[in-house]
Amino acid sequence: MKKVLAMVLLVLVMVPVLFAAGKAEAKSNYEIVVVPKDASNPWFVRMKVGVDEFAKGTHHTVYQRGTPDIDATLQAQLVQDLIAQGVDALCVVPVDLESIEPVLAQARKAGIVVITHEGADLENVDYDIEAFSNVGYGAFIMDNLAEAMGGEGVYTTMVASLTNGSHNEWADAGVAHQKANYPKMTLLAAEKRVESFDNGDVAYNVAKELFKKYPNLKGIMGTSSYDAPGVARAIEELGLIDKAFTSGTGMPLDNAALLESGIVKSLTLWDPALAGQAMIALAIKVLDGEKISGVVDLGVDGYTALQFKEGSKTVLEGEGWIVINKDNVYDFGF
Amino acid sequence: MGESLLKAVNIYKSFVGVEALKNVTFEIKPGEIHCLAGENGSGKSTLIKIISGVYTPDAGYMEFEGKRFSKITPIDAIKNGIQVIYQDFSIFPNLTVMENLAFNSELADRRKLVNHKRMRQIAEEAIAKIDFKVDLDAIVGNLSVAEKQMIAISRALIFNTKLIIMDEPTTALTRREVSNLFKIILRLKEMGIAILFVSHKLNEVFEISENFTILRSGERVASGSTSDLDAKKFTYYMTGREFQVHRFEYEKVKEEPIFSVDKIGIEGSFSNISFDVHSGEIVGITGLLDSGRTELGLALFGIKPIEEGEIKMRGKRIKLTNPRRAIHNKIGYLPEDRLSEGLFLSQSIGDNIVISEIDNLSKAFGILDRKQRRDEIKQWVKNLAIATPNPANACQTLSGGNQQRVVLAKWLACDLDLLILNGPTVGVDIGSKHDIHSILQDLAKRGMGLIIISDDLPEVLENCSRILVLKNGQVVGDMLASESDEKKILSYMM
Amino acid sequence: MKNRLKKLTSRNEPYIFLVLLAVCILIEIRSGQFFSPNNLVDIASAMIVPGLMAIGAFMVIVSGGIDVSFPALASLSFYATTKLLLDHNYQGGVVLPFLIAIGFGALLGAFNGLFISYFKLPTLIVTLGSSSVFKGLMQGALNSRQLAVIPTGMREWGKKALFVAKNPVSGLTSRMPVAFLVFLFALVFAFFLLRFTMFGRGIYAIGGSEVSAERAGFRVVLTKFLLYIMVGMIASVAGLIRVCMMQQAHPTNMLGMEMNIIAGVVLGGTAITGGRGTLLGCMLGTLLIVIVENSLILIGIPTSWKSVFTGALIIIGTGVSAYQVMHQGKTRSSKGKKQEVAQ
Amino acid sequence: MNKKRNKLVVDRHMFRLIVMIVAWMIFIAFTRFRKFYNLVNFQTMAAQFPEFGLMSLGVMLTMITGGIDLSVVGNANLTSILMAYLLINMTDVAGAIPPYAIPLVFFLAILIGATLGIFNGLLVSKAHIPPILATLGSGELYTGICMALTKGNAVSKFSRTYATTINNRLFGLIPVQLIIFTIMALLVWFLLSRTVFGTKIYMLGTSATAAKFSGLKTDTLLIKTYLLSGIVAALGGMIMLANYNSARADYGTVYTLQCVLIVVLGGVNPVGGKGKISGVILAIVLLRMLETGLNRFPKISSYYISLIWGGVLILVMVLNFFTENKRVRRKG
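Protein chains in written order, with the numbering used here: chain C, 218 to 551; chain H, -9 to 484; chain A, 48 to 390; chain W, 11 to 342.
Calculated directly from the structure, the hints in this document are not laboratory data. Model, not experiment: these values are computed from the prediction. It cannot be assumed that every hint is accurate.
Just the calculated beta-carbon pair ranges, DEER-fashion [unchecked claim]:
# : chain 1 : residue 1 : chain 2 : residue 2 : range
1 : A       : His135    : C       : Glu527    : 50 to 56 Å
2 : W       : Ser203    : H       : Arg58     : 54 to 60 Å
3 : H       : Lys253    : W       : Ser203    : 47 to 53 Å
4 : H       : Asn132    : A       : His135    : 53 to 59 Å
Even glycine gets a Cβ: it sits at the ideal position worked out from N, Cα and C.
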């Protein structure tokens, strides 16, 4: 009985492995792995679509591998693990800049090409790709919010977490943009920046409390893709439609209903699938030994004329972002 | 005597190679009080479990009121009027008296919903049968042991019961509660209910039962009318050995007591208690369960520190605020409840022996001196003749008597001056009981002071030099053992 | 009367109620917003999901076990349900989703129940393992991701309000979701079950003494098996309600809430060793945790202090009830003694 | 006889773990030999597990006494955050730290860990709060203090010397983290099997009442156990500090359940009184091997790891059930 069970156990452990074992291992030049923050976030599911598409069209081994939870330590361990496997290039969207830094240093030491996305402040990278200039993007989200608020009123900012690099840059840029261009708007002094932890429920609860505690609060500038939908739900429920507003990043189809209902006027985004592809394309270029300078063309939509960020040798910025509103929300197909 | 109520004929039962019952035949008649006796491991509980349907016999059959069964299920047993009252009473300490009483019959009726009215009625009827008065809404966990037992008995009576099996029903009862129980048993007999009374307490067997069956090593060694039985025969049937009773004799060697208490008391437990223990003396403390005797024992070991009075060890005043202080002052305590207070059942015999003296078995920095530990264990296993093939075995593999020896060894290893023993032979085989008694007497002869707390009067009379009787937390009698007998002690106790 | 008072003070519920009241008054003083109609409605609606979960956790603890798998179980079943319906482009009402989720919940609960009741494995270990298994199934086999769009029927039901409370001062409104009725129904159901059915009394009996329950004729294995199925069903309902209320299905959002729920249940005076506890206490304890978690901004405590608060609450709350149990044990034993002496 | 059998059962448990490890290694050898069997891979694994391995040791110790420690991660983070602040203060403009800095922070970390552990011990022994709730609460509290101190930010920007020292390899071969873990594991092993303290906590875990009646200082023993658990957790935090060159309130949140899982899989009885360190180490190795091995198969979702973990845990328990049951039946 015992032995039978032991066998069953072993089979159970190995079946999924055997399944996959046959499929993998095509001969190729480079092994390039994309590591997202996690894998259940639709953002990175979309990124995976891009990566898989890229994999089909190339002879390189290209795949995306994420951790089960958004967790800085898990991501760092996964990257270490991939280093040990001796992959050729790593394309990472870091959860947390500080903790990934030493791991990326290890990767580079091991001769692995490191490309990041949303990690402009990282040091131990070959290149970091930003879909656009963070300052411009932040200012643009603010423009959206200001337009909805009619250019006046109290607002605050929401980020996934205070340690997230890009989100905070956007928020900072947004605030700076408001100060310069929308004098009638003021930042809520008591709560200048709140966190949503990439969790729609948290965004919802925080927003609800904020609106209750600060009756004159009129807008929340969201950054992560969970922020605006969560805040929108709070606005709707508190009966604040057309009295309070939000803006931020979001995927088109997921937010179609929100946009159509008019609670959120518009959302901004870039296509994560393309961002993923751009990282891989850049990694291949670097691996091939191509010189990266001047204006870089990665052959990926929106990443055909990348330019170095001012004063940086590693950060490449693409052009433009997409604005979605109720009119064009169905045009993108994702 | 007419028809028999239950007959178990030529029963065999074995567990993976070990024969628990060999060709046992047993019979009980309606309204009969029958005592089933035997040492631990003699097959008593296996037989009960076969009768109540928990086990299926390997061979043999049973007859209940003339109907023959080759095997029965627990439900069949209940339907045929057999009820078992286990030692732990099978109660729910977290629920009310009413629920405890009514659940069984509700379940037997396959009720799905709770009807509080009906349940109350059932409960009231149940307790009325034996004139038991109790608050039906009380939580059972808060009741006394005797009350719990009454609940178990009342519950058994709800059914059309013809036979009640009581597994060691007197173990945790006070003397008065025992006589109460016996009254109820007689009353049940009048109602025509047969009682199978499992016990190994000699005096109880004589007091209550009409007939007896004695098992030894899975075989029936004797059965018949209790009137034909005497103490000597009983012991012989139980153990297969004959014992010589040694009455303890004490000669005072030193005038100075090693241990003395002066007017000690704890509010609500006992008060104004004074006595001395001399080297080589065995002092017996007896009394009913509620006399405060256990609290006194706990106080002398520092578990329930005294609130008034003073304790002296060799003339020096000591404060016993916790067991460590007591051990430090060379006082040990063999607890009443061996299984939960005395032993670490799943741990090795060896560790159980050395645990209290373990600090002395270390080299620097608390590092265990393994050789010394091994030697120490070996010595005590040998000294107390603990029957085990390997002291690394778990303590739960031992019989009750051997387990008690382990607890004893634990304290002897601490090199004590005073050992307090609370019920030293409760649940111990007769054979082991004799051995333990001679060990205790031997310890006294070598100069240790002992206090035996027990309500087993023969035990106290046989082993102590002096006897204190407690009642309601006071010393009501103080006598030399040589000048007293059971009757005299009882007159103080009641 | 005196007796009654004594009974009351020897229980946990009044203390928790007082603590709860103190917290509410503190929030009211700090924000002036606590007793506004819409805030009360908000708290009631925030209570729905944890409340349902707590009912399940409570029953398991009363039976003498401890279940840490219910959030994973709920996640797997609501995710599978939502995904299934989306794949079939389901347009109907909310009944079918609930039935499916309950079905999945029963199945997964049976998985727990099988190992716990039949194999008699420790509940903590089984549920620790099964929560890992459920999570793996959801994320691996179902390839889960956030579902931002849920079937229309579910979405509409989630938005449906019993009534809308309005704060006369700020004009803010809050919906009392229809889901609250489900919570109330489950509460009444559990109350009835635990108090008026032999099955429910069996849960208490098993928690008191499993051996006694077996001997009394309770079908212990079956009762436990059914219990875990039921807990699975309740957890799944809670999960699906959350999806409807959130208007989206996020597979991992609920994971990690098990400990706070258990803390709430124990805070309400349920004995972690089983057998003792009331549904009322359990709800009070859960409510206390829900209120504290949802009112920090109202009190004016920075959100970064949230964990300090919940941590301290758990320690103080359980400490008080531990102290009480200890204290009670002492007075009881000395009282009992006196009675015996008096006899 | 029983103890022997007991031992056999424990050994059977170990045996099962070993069989699984070996089977998995053979399987990997056939399918992904080059990607798995290389020095770097083993070094990586050896550098990764110590952070939660240390915490598992703490959970194991407390579980032997019949308790549990769910505060290990909170403890580790609080310690590492405080030490990170200290390191920032000690870092000079050139980015260097004085040579005594590393021993000093380790010393202080042990002190902090011990203090946090004592707090747990007091809650469990003196306040009589059930360990599962006491440590859940204190863990939440420690995390809360971290959040309040850092506002959720990572604490970094201290000298890289700290990270490079701990992230180093002795003789270019053995990761320093592994050495720290090995020292602590040996220490715990020694405490459990060679000292008076070890015997006492096994006894305490078996029966607290009997321990009291045997004159053991049960409260002190509990406090000491939680103190030890606090120390190993703090050291786990110090390794995290090095591995991620930063400290943050929410690092390693997944480790809590992972540690409990490891310890139980390693054969420690959650009721107390039983468990060996060798089992816990085998469990760590097994889980690490499975996870790392699985990462060698790009097509397999990493999510299956948790499925396998849970499955292994339940199956091992079921196997134990069958052997245990046989034993009980035999005892009859």
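Do the beta carbons of histidine 135 (chain A) and glutamate 527 (chain C) sit within 50 to 56 Å of each other? holds, 52 Å
If I claimed the Cβ atoms of asparagine 132 (chain H) and histidine 135 (chain A) lie 53 to 59 Å apart, would that claim hold in this structure? Since asparagine 132 (chain H) and histidine 135 (chain A) have Cβ atoms about 58 Å apart, the given range 53 to 59 Å holds.
Given the range 54 to 60 Å, decide if the beta-carbon distance of serine 203 (chain W) to arginine 58 (chain H) lies inside it. Check passed, 58 Å falls within 54 to 60 Å.
Look at the Cβ atoms of lysine 253 (chain H) and serine 203 (chain W) and judge whether their distance stays inside 47 to 53 Å. holds, 49 Å
The structure shown violates none of the earlier numbered hints.
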